[in-house]
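S.K.: Sequence:
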Amino acid sequence: MLRIPNFIAVNVRHRLRNFPNPIPFLLSVSVAASLPPLRNRSPSQMAARESMMADYAKSGKSSCRACSQKIEAKALRLASVSKGNGPYDIVKWHHLRCFPLSSHSHSSPESIRGFSSLKSSDQEALKKLFAENNKSEEKVNEAVEDVRNELQETGERGSKRLRLCTPDVKAVVNIKFSVSDVKSNYKDATLLPKWKAFQTVIFLERDDGLHDSSKIAAFDFDGCLVKTDVKRVGADAWSLMHSSIPDKLQSLYNDGYKLVIFTNESNIERWKNKRQVAVDSKIGRLNNFIVKVKVPVQVFIACGVGSKSGKVNKKEDDPFRKPKPGMWHLMEQHFNSGIAIDMDKLFFLPFNCSIDAKFFIPFI
Numbered sequence: 006m007l008r009i010p011n012f013i014a015v016n017v018r019h020r021l022r023n024f025p026n027p028i029p030f031l032l033s034v035s036v037a038a039s040l041p042p043l044r045n046r047s048p049s050q051m052a053a054r055e056s057m058m059a060d061y062a063k064s065g066k067s068s069c070r071a072c073s074q075k076i077e078a079k080a081l082r083l084a085s086v087s088k089g090n091g092p093y094d095i096v097k098w099h100h101l102r103c104f105p106l107s108s109h110s111h112s113s114p115e116s117i118r119g120f121s122s123l124k125s126s127d128q129e130a131l132k133k134l135f136a137e138n139n140k141s142e143e144k145v146n147e148a149v150e151d152v153r154n155e156l157q158e159t160g161e162r163g164s165k166r167l168r169l170c171t172p173d174v175k176a177v178v179n180i181k182f183s184v185s186d187v188k189s190n191y192k193d194a195t196l197l198p199k200w201k202a203f204q205t206v207i208f209l210e211r212d213d214g215l216h217d218s219s220k221i222a223a224f225d226f227d228g229c230l231v232k233t234d235v236k237r238v239g240a241d242a243w244s245l246m247h248s249s250i251p252d253k254l255q256s257l258y259n260d261g262y263k264l265v266i267f268t269n270e271s272n273i274e275r276w277k278n279k280r281q282v283a284v285d286s287k288i289g290r291l292n293n294f295i296v297k298v299k300v301p302v303q304v305f306i307a308c309g310v311g312s313k314s315g316k317v318n319k320k321e322d323d324p325f326r327k328p329k330p331g332m333w334h335l336m337e338q339h340f341n342s343g344i345a346i347d348m349d350k351l352f353f354l355p356f357n358c359s360i361d362a363k364f365f366i367p368f369i
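The opening residue of the sequence shown carries number 6 in this note's numbering; numbering runs sequentially from there.
Hints listed in this document are in silico derivations from the structure and should not be mistaken for laboratory results.
Ideal placement from N, C-alpha and C gives every residue a C-beta, glycine not left out.
Keep in mind that the hints are not guaranteed to be accurate.
Claimed, not checked - Restricting the straight-line Cα-Cα distance to at most 27 angstroms, the calculated cross-link-like pairs of lysine-lysine (DSSO-like) are: (1) K79 <-> K188; (2) K220 <-> K75; (3) K220 <-> K277; (4) K277 <-> K350; (5) K297 <-> K350; (6) K220 <-> K279; (7) K220 <-> K297; (8) K188 <-> K132; (9) K232 <-> K181; (10) K236 <-> K75.
What the hints assert, rightly or not - Have a look at the derived ranges for each label pair, beta carbon to beta carbon: (11) D217 <-> D94: 12 to 22 angstroms; (12) D241 <-> A80: 12 to 22 angstroms; (13) K199 <-> Q338: 37 to 47 angstroms.
From just these sequences and the hints, can you work out the full model?
M.R.: As structure tokens, then:
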């Protein structure tokens, strides 16, 4: 019987205690890769989290450490400041929108070096940014707590399995894949090279250097790996969610994990008169992201519309759109060279913990 991975147990049970204020990226990637528990970090690691600086770019020659783009002269910029080996500090400048604020969640705007010298409007902008970040972290913590409580109710992993509702299971079973149904276009939109479509899914099956594996590191895209804005369209309208993402993904890849992105993009279906624009924007961002992180990634895009839009009856929900597990079914059954997936060696990092968790809840 088809199995859905137990990402919740992997991520929450084994690492939650080490991250008292978890953020999505660290919560999941820490399982396989990466950052040591807070209590085990060296003083130099902790120092980088404890100092921030703000000022206005003087020459326009500095580059953002997150997106690598130039910071325009006179633009407000933020820096993380850590102690170097010598007498000088290490200063890493960022655009305001690119700064990894979650790494400094214990700080307040007033504690930022140079805050008092900023324009009052920019001071208010920073206060608003901190407030929004705190609200976001509270939502993540609440979602993680909900998952932890749910796990406690279901007992030890493997002994009791959470069941997906019957319609979800049927949706997986009824997906019949055939190579003859794979297309080089999505309806009236032409796909870029290497990209294909099957029913309402667009996918990048075989990126250069990709190796199928029993170990899977799966991610959402928007709001998880990258920052995007619904008001902005285009292949370049994005930035890294965290500057450390390329190194983390490279570490996972070197450790034998296959990297997979599962992402919803209903605009491709809804924008009937601008479908090509929506396709080029989404695929262009994904292609550019893969180039940026310099690791091969397998990608699945669910283009169907969900019931929340109010246009589709719940019984007609697209079987591939998260939290439905259709995309997972395609990857596991048809795009992993028949290699069985080790349920103890995979995790899924969602954008919305409380909703996308359903995408990977195991059942028997």
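S.K.: Next, verify each hint and record whether it holds.
M.R.: Status of each hint after checking the structure:
{"no.": "1", "hint": "K79 <-> K188", "verdict": "violated (49 angstroms)"}
{"no.": "2", "hint": "K220 <-> K75", "verdict": "violated (37 angstroms)"}
{"no.": "3", "hint": "K220 <-> K277", "verdict": "violated (38 angstroms)"}
{"no.": "4", "hint": "K277 <-> K350", "verdict": "violated (40 angstroms)"}
{"no.": "5", "hint": "K297 <-> K350", "verdict": "holds (25 angstroms)"}
{"no.": "6", "hint": "K220 <-> K279", "verdict": "violated (38 angstroms)"}
{"no.": "7", "hint": "K220 <-> K297", "verdict": "holds (23 angstroms)"}
{"no.": "8", "hint": "K188 <-> K132", "verdict": "violated (49 angstroms)"}
{"no.": "9", "hint": "K232 <-> K181", "verdict": "violated (34 angstroms)"}
{"no.": "10", "hint": "K236 <-> K75", "verdict": "holds (22 angstroms)"}
{"no.": "11", "hint": "D217 <-> D94: 12 to 22 angstroms", "verdict": "violated (45 angstroms)"}
{"no.": "12", "hint": "D241 <-> A80: 12 to 22 angstroms", "verdict": "holds (18 angstroms)"}
{"no.": "13", "hint": "K199 <-> Q338: 37 to 47 angstroms", "verdict": "violated (21 angstroms)"}
Hint violations for this structure: numbers 1, 2, 3, 4, 6, 8, 9, 11, 13, all remaining hints satisfied.
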